Each structure stands twice: as structure tokens, then as C-alpha cells.
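Sequences are here, hints too, so could you generate the full structure?
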Amino acid sequence: MKNKKEDDKKIETGKVKELATRAAFGDAIIALGKKDKRIVALTADLSESTKVSGFAEEFPDRFFQIGIAEQNMMNIAAGLSATGKIPFVATFAIFSSGRAWEQMRTAVCYANMNVKIIGSHSGLSNGGDGASHQELEDIAITRVIPNLRVIVPCDYVETVKAVIEASKIEGPVYIRVSRDNSPVITRETTRFQIGDAEVFSIGKDASIIACGKMVAIALDAAEELKKEGVFAGVINLHTIKPIDEKTILNAAKETGAIVTAEEHQVHGGMGSAVLEVLAGHPVPVEMVGVKDRFGQSGKVPELMKEYGLTKEDIKKAVHEVMKRKNQKTDSLRNIYI
Amino acid sequence: MRKLAIKELEEKAKEIRKDVIRMVYEAQSGHIGGALSSAEIFSSLFFNVLNHDPKRPDWNERDRFVLSKGHACAGLYSAMARSGYFEVSELNTFRKIDSRLQGHPSRADLPMLEASTGSLGQGLSIAVGIALGLRLDSLKSRVYCLAGDGELDEGQIWEAAMAASHYKLDNLCAIIDVNGLQIDGWTKDIMNTQPLLDKFESFGWHVLEADGHNIKDILRAFEDAKKIDDMPVAILAQTVKGKGVSFMENKAEWHGKPPTKEEMIRALVELGDGKDER
Ligand SMILES: Cc1ncc(C[n+]2csc(CCOP(=O)(O)OP(=O)(O)O)c2C)c(N)n1
Ligand SMILES: [Mg+2]
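Residue numbers (the working numbering), protein chains in the order written: chain A, 1 to 337; chain B, 1 to 278.
Fair warning: there could be bad hints in the mix.
Said to hold, decoys possible - Just a few of them, taken from the derived set where beta-carbon distance is under 10 angstroms, the chain A residues facing chain B:
no. : residue
1   : T43
2   : S53
3   : I68
4   : N72
5   : F294
What the hints assert, rightly or not - No farther apart than 20 angstroms at their CA atoms in a straight line, the calculated lysine-lysine pairs in the PhoX-like style are these:
no. : chain 1 : residue 1 : chain 2 : residue 2
6   : A       : K299      : B       : K14
7   : A       : K227      : A       : K299
8   : B       : K227      : B       : K140
9   : A       : K85       : A       : K168
10  : B       : K227      : B       : K168
11  : A       : K34       : A       : K227
12  : A       : K291      : A       : K316
13  : B       : K96       : A       : K305
14  : B       : K14       : B       : K216
15  : B       : K168      : A       : K299
16  : A       : K253      : A       : K204
17  : B       : K261      : A       : K299
Source of the hints: derived by calculation from the structure; they are not laboratory data.
Predicted model only: the values in this text are computed from it and were never measured.
Beta carbons are placed, not taken as given, at the ideal position from N, Cα and C, and that holds for glycine.
Right under this line is the structure:
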């Protein structure tokens with residue numbers, strides 16, 4: 001979309017551009033709106049923050065400002081979809097997936113309505129506002145709902161694709177986006193298919209399975225590990241549901257050690273989804289994620305460090321999981337250690 | 001606590017405004033507009049109306065205050081610090097990592113808060129619960145709850161409003177900061193909730209109106225509220241978002257934007273001085 005050519009160039013020259021995935025949503029929905037009159041958008045007093053404001057300007061008739069009433073908004077979207085529209089509901093992840101959870105579950109997902117739900121300011125990306133506005137639980141609470149696809153794109157370019165692909169699917173989709181900028185690591189030409197994990201590199205010693213912003217951090221970690229002679233593959237698990245079992249099992253078989261990395265609680269999140277796939281397969285797994293704590297106010301980089309979401313944390317987890325792989329006898333252990 | 005007189009309360013409101021500007025500048029994030037519109041409400045409550053003892057925050061007979069519009073907490077923290085709950089210097093930690101002064105009120109971090117808020121529409125329900133609990137314990141304490149006018153979009157506010165009148169909670173007083181603005185613009189354009197007076201009345205509340213920047217008028221409303229039996233009271237406080245700083249007044253953009261250094265200095269000068277007293 002916007003800046004596309006420029007981005008590609010930046011990637012090719014090795015100078016990685018940083019953009020926010022929420023901005024990708026904002027740009028993609030305008031492109032969709034131009035092509036398809038069924039696209040409508042709703043927000044709950046957060047049009048600028050979620051970047052749906054561009055669509056609102058371009059298509060005022062197809063934009064609905066609902067005020068600060070997320071539950072109402074979710075069901076209005078369900079109603080709009082009942083008349084053949086394709087509604088995109090945009091607010092902070094804590095409010096779209098959290099405040100309006102039961103509306104999403106019953107009115108949207110149970111009825112299999114064609115509603116696309118945007119969860120913005122996810123993870124710790126809303127640094128200053130603190131725990132009330134951060135969302136570290138949305139992957140857990142969305143992926144348990146039948147019919148709902150859950151996508152956590154890794155960068156701007158992938159988010160554009162996710163939004164466009166989501167519009168082509170009949171049924172509910174949840175897309176998790178971020179407030180802050182993150183490196184653009186995929187290209188226009190990178191293949192994107194909902195449900196197919198993207199294998200960035202095949203490892204020898206371990207596989208890092210990550211989603212969202214953690215994919216770029218995992219790539220950095222893998223790069224540094226290489227210098228130590230450790231070869232860790234990186235898999236971008238952008239679709240948490242339906243999950244790509246084949247790619248996960250393959251990685252387990254090829255490398256015999258798995259590290260999961262997500263900007264989310266380790267309980268119930270992407271890592272847990274991976275563990276569900278690996279149940280019954282004897283492979284050691286280390287989880288990088290938030291360890292059963294609420295977020296807090298702070299600058300995003302500080303928080304990423306405080307909550308153990310840096311490339312150092314991933315490198316440490318890779319070393320740890322390799323140790324366990326080589327020990328073979330994997331005793332019961334506590335994930336908090 | 002000694003109850004301050006009108007002139008002193010006006011001074012306190014000014015102090016609160018200056019603290020808010022400094023805190024949001026220092027953190028480079030936070031909410032100014034809605035904290036400035038509530039400055040006189042905070043000063044009236046913390047330095048006159050509330051029956052409380054900042055040195056004994058767990059005193060059982062204290063009046064309770066719930067900030068339902070949690071984003072205005074820079075103003076709340078200032079009022080708390082200046083009334084003696086904690087050192088004024090702690091205001092410097094606002095929104096910084098490991099601070100007790102979270103971006104939105106967190107009771108787990110700052111136990112003298114009655115509730116963790118920030119997710120709009122929830123505070124009034126918590127206040128209803130507190131009012132019910134106090135009544136069960138035969139305590140005379142009153143519950144005050146400050147909500148935003150945009151916040152009234154939330155259906156839960158009206159669920160709480162029904163419950164409060166259903167249970168005849170005359171120990172509950174809600175203050176609505178009617179500054180006419182929310183994030184995306186004017187409340188009348190975003191989601192029109194007017195006529196508020198009729199709405200609250202039809203929900204079984206006694207409704208009072210006040211000029212939210214006139215201390216005398218605010219105190220009068222709080223006094224009148226105490227005289228009402230068998231019904232909860234809502235005070236509709238007419239305010240100006242960003243009040244006290246000319247270039248922030250009535251501007252939606254100043255809802256949640258940190259000032260630059262130059263803007264901070266200009267704001268402090270308008271509020272009476274340019275130097276940092278802290
Ligand atoms: C449930 C919920 N939805 C959205 C938000 C984001 N938000 C924070 S402040 C705000 C506007 C509040 O407007 P108002 O209540 O009028 O407050 P004031 O004008 O006094 O600042 C919004 C939408 C939130 N905090 N909680
Ligand atoms: Mg308002």
C-alpha cells in the first residue's frame with residue numbers, strides 16, 4: 001500500500017523500515033473499501049488510534065462511530081453482516097476481544113457472522129497506559145472460540161495481506177495489531193496464506209516459533225546464535241487458528257527442540273497452541289512470553305525487557321532447550337524458572 | 001482533615017493543574033484535557049467534601065472516591081499527594097516503569113485507591129457495590145464517583161444507574177464531568193447522550209447541576225446532595241476540557257497528548273508561574 005515501493009527498497013538495501021501494524025490495517029481497509037462496497041467499518045471512539053480514520057474520511061457513509069460502547073458495536077457489526085455487509089470492528093484489543101467477548105462469541109462466532117475484528121494496541125505496545133489498556137490475553141480468549149480465525153501478523157506488509165485475505169473469507173476473523181512501530185521483515189512478494197505458517201529458515205539445532213513483533217526479534221536472535229555456531233530456524237506462525245500442525249510437527253522432527261515466542265501470556269497463547277499440537281510428541285519446548293503477570297506503564301523497550309521479550313531471552317531459551325534436548329532425560333520442570 | 005475555604009480550594013485546583021502538566025510532560029504520555037476539566041472537582045473533594053484521613057487511608061469510616069474516568073488520574077494523584085497520601089515528589093514517577101502511579105489507577109500498586117479503573121464504564125458499578133457494602137455495615141460514609149460524559153456511552157453506566165436507584169442508594173453521589181468532548185470529537189457528534197438531566201431523572205436519580213469550575217457552586221451541589229433521601233444523586237458539572245490553559249481548552253487533540261517543552265512552559269506560565277516548585 002502506502003510506501004510499498006520504498007519499503008521493498010529499504011529491505012533490499014538492508015535498511016529495515018519500521019512501521020506500525022495498526023497503520024497497515026488503516027491503509028488496507030481503504031484499499032478494500034475502494035474495491036468492495038460491502039466493506040463497512042465501526043469504531044468505539046478510537047478512530048485515530050486504530051487508524052480506521054482514513055476509511056472514515058474516504059467512505060463516511062460506510063463508517064459508523066458507535067461511541068464508547070464496544071459490546072453494542074460488536075452486535076451492530078453482527079447485524080450489519082446479516083445484511084450482507086463485511087464489517088470491520090476496530091478498537092483496542094482489550095476492548096474488542098475482552099470487553100465484548102461474549103458478544104463476539106455468541107452473536108458473531110456462534111452465528112458464524114462475517115465480522116472482522118481488529119485488536120489494536122495489543123501486547124505491551126501501549127506502554128504508557130498500563131495494564132488496563134494493554135492486552136496480553138487476547139490470543140488465549142479468541143482462539144478458544146469455534147469458527148473464529150486468529151491472525152497475528154508479524155509486520156506492516158503482512159498485516160495488509162492479512163486484512164485483505166480476511167475479507168475474502170466467509171466468517172469471523174480476529175486480527176491482532178500493534179500500536180508501536182516494528183521492523184518490516186516481509187515483502188510484497190512473500191507468500192501469505194491464512195493457516196500456513198511461514199518458514200523463514202530451517203534450523204538444525206532448534207526451531208523458534210514466533211508471532212507478531214516477536215518474529216523480527218527471533219530473526220535477530222537466530223542471526224546472533226549463528227555466530228556462536230548454533231543454528232536455529234525461525235517460523236512465523238501468523239495464524240494461531242487454524243494452526244499449521246504440519247509445519248510445527250516438521251520443525252519438531254527436524255530440529256528436536258522448540259522455542260515459542262509471543263508478546264502475550266504464556267498461558268493459553270500461541271505457545272500453548274503449539275504445545276497442544278506437540279502433545280504426545282517427546283520434544284523439549286521453552287516458552288518466551290509473559291509469565292502470568294499483568295503489564296504496567298513504561299516505555300515499550302523497557303517493558304519488553306522487564307517482561308522477558310528480548311532477543312537475549314530468546315537466545316537463552318534456545319540454549320536451554322538444546323541442553324534439555326541433549327540431556328535426553330527431560331525431567332519435569334517449572335516454566336517459571 | 002481541615003476543610004479548606006473557597007480561595008484555598010481555587011489555589012489547590014491551580015496546583016493540581018500545574019502538577020498534571022508537569023507529570024504528563026515528564027512521562028511524555030498521559031491525559032491532560034480531562035484532568036484539567038476535573039481540577040476543581042478534585043480539589044473540592046479532597047480538600048473539603050470528603051471525610052477522609054490521608055494518614056489513615058484504611059480508616060473504615062472514610063468517604064470513598066472512585067475515579068471512573070480513570071484516564072484523568074494525573075489529577076487524582078496530584079490531589080492525593082497534596083492532601084498527604086504520599087510525597088509530592090512521587091508524582092515524578094507517573095507512568096514510569098515500577099511506579100505506583102500507573103497510567104490508569106491501579107489498586108494493586110496503590111492500595112489507597114478504592115478501585116482499579118481505566119476501562120471506561122466500570123467505576124460506577126464498583127461505586128454501587130461499595131455503597132451497598134457500607135450500608136450493610138451501617139456506616140454513614142458516602143461514595144463519590146467521577147465519570148466522564150463520553151464514558152456515559154457505555155451501557156454499563158446505565159445498568160449501574162438502574163441498580164443505584166433500585167437499591168435507593170442515597171449514600172452514592174455521581175459527578176459527571178460534562179466537558180462535551182471525548183477522544184474522536186464532540187460528544188454530541190460522536191454519540192449524543194443528551195438530555196442527561198432527563199435521562200438520569202428517568203433512571204430514578206436526583207439530578208443537580210453545577211458550574212464545574214466554580215468552587216462555590218460545586219460545594220453547594222455537594223451539600224444539597226447530602227440532603228437527598230432514598231435516591232442516588234448525580235451532579236452534572238459543566239466544564240471545559242483543558243480548562244486553564246488557553247491553547248488546550250475545548251480541543252479534542254489535548255485529550256491524550258503530551259506537551260512539548262515549550263508548550264509545557266507556556267501552560268505553566270498561564271497557570272501562574274513558570275518555575276517548577278517541586
Ligand atoms: C472501555 C473503554 N473504551 C475505550 C477507552 C479509551 N478511552 C479513553 S478516554 C476515552 C474518552 C473519554 O471521554 P470522556 O469520558 O468524556 O472523558 P473526558 O472528556 O473527561 O476526558 C476513551 C474512548 C477506554 N479507556 N475504555
Ligand atoms: Mg468528556
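Evaluated hints:
1. T43: 8 angstroms, holds
2. S53: For S53 of chain A, the interface hint holds, since the closest Cβ of chain B sits about 8 angstroms away, which is under 10 angstroms.
3. I68: 4 angstroms, holds
4. N72: 6 angstroms, holds
5. F294: OK, holds: F294 of chain A within 10 angstroms of chain B, min 8 angstroms.
6. A:K299 / B:K14: 29 angstroms, violated
7. A:K227 / A:K299: 30 angstroms, violated
8. B:K227 / B:K140: 13 angstroms, holds
9. A:K85 / A:K168: Between K85 of chain A and K168 of chain A the Cα gap is close to 12 angstroms, so the pair holds against 20 angstroms.
10. B:K227 / B:K168: 14 angstroms, holds
11. A:K34 / A:K227: The given pair, whose Cα atoms are some 48 angstroms apart, is violated under the 20 angstroms limit.
12. A:K291 / A:K316: Holds. K291 of chain A to K316 of chain A sits at ~16 angstroms (cutoff 20 angstroms).
13. B:K96 / A:K305: 14 angstroms, holds
14. B:K14 / B:K216: Distance ~15 angstroms between K14 of chain B and K216 of chain B Cα, so the pair holds.
15. B:K168 / A:K299: Given that 20 angstroms is the threshold and the Cα spacing comes to 45 angstroms, the pair is violated.
16. A:K253 / A:K204: 10 angstroms, holds
17. B:K261 / A:K299: 19 angstroms, holds
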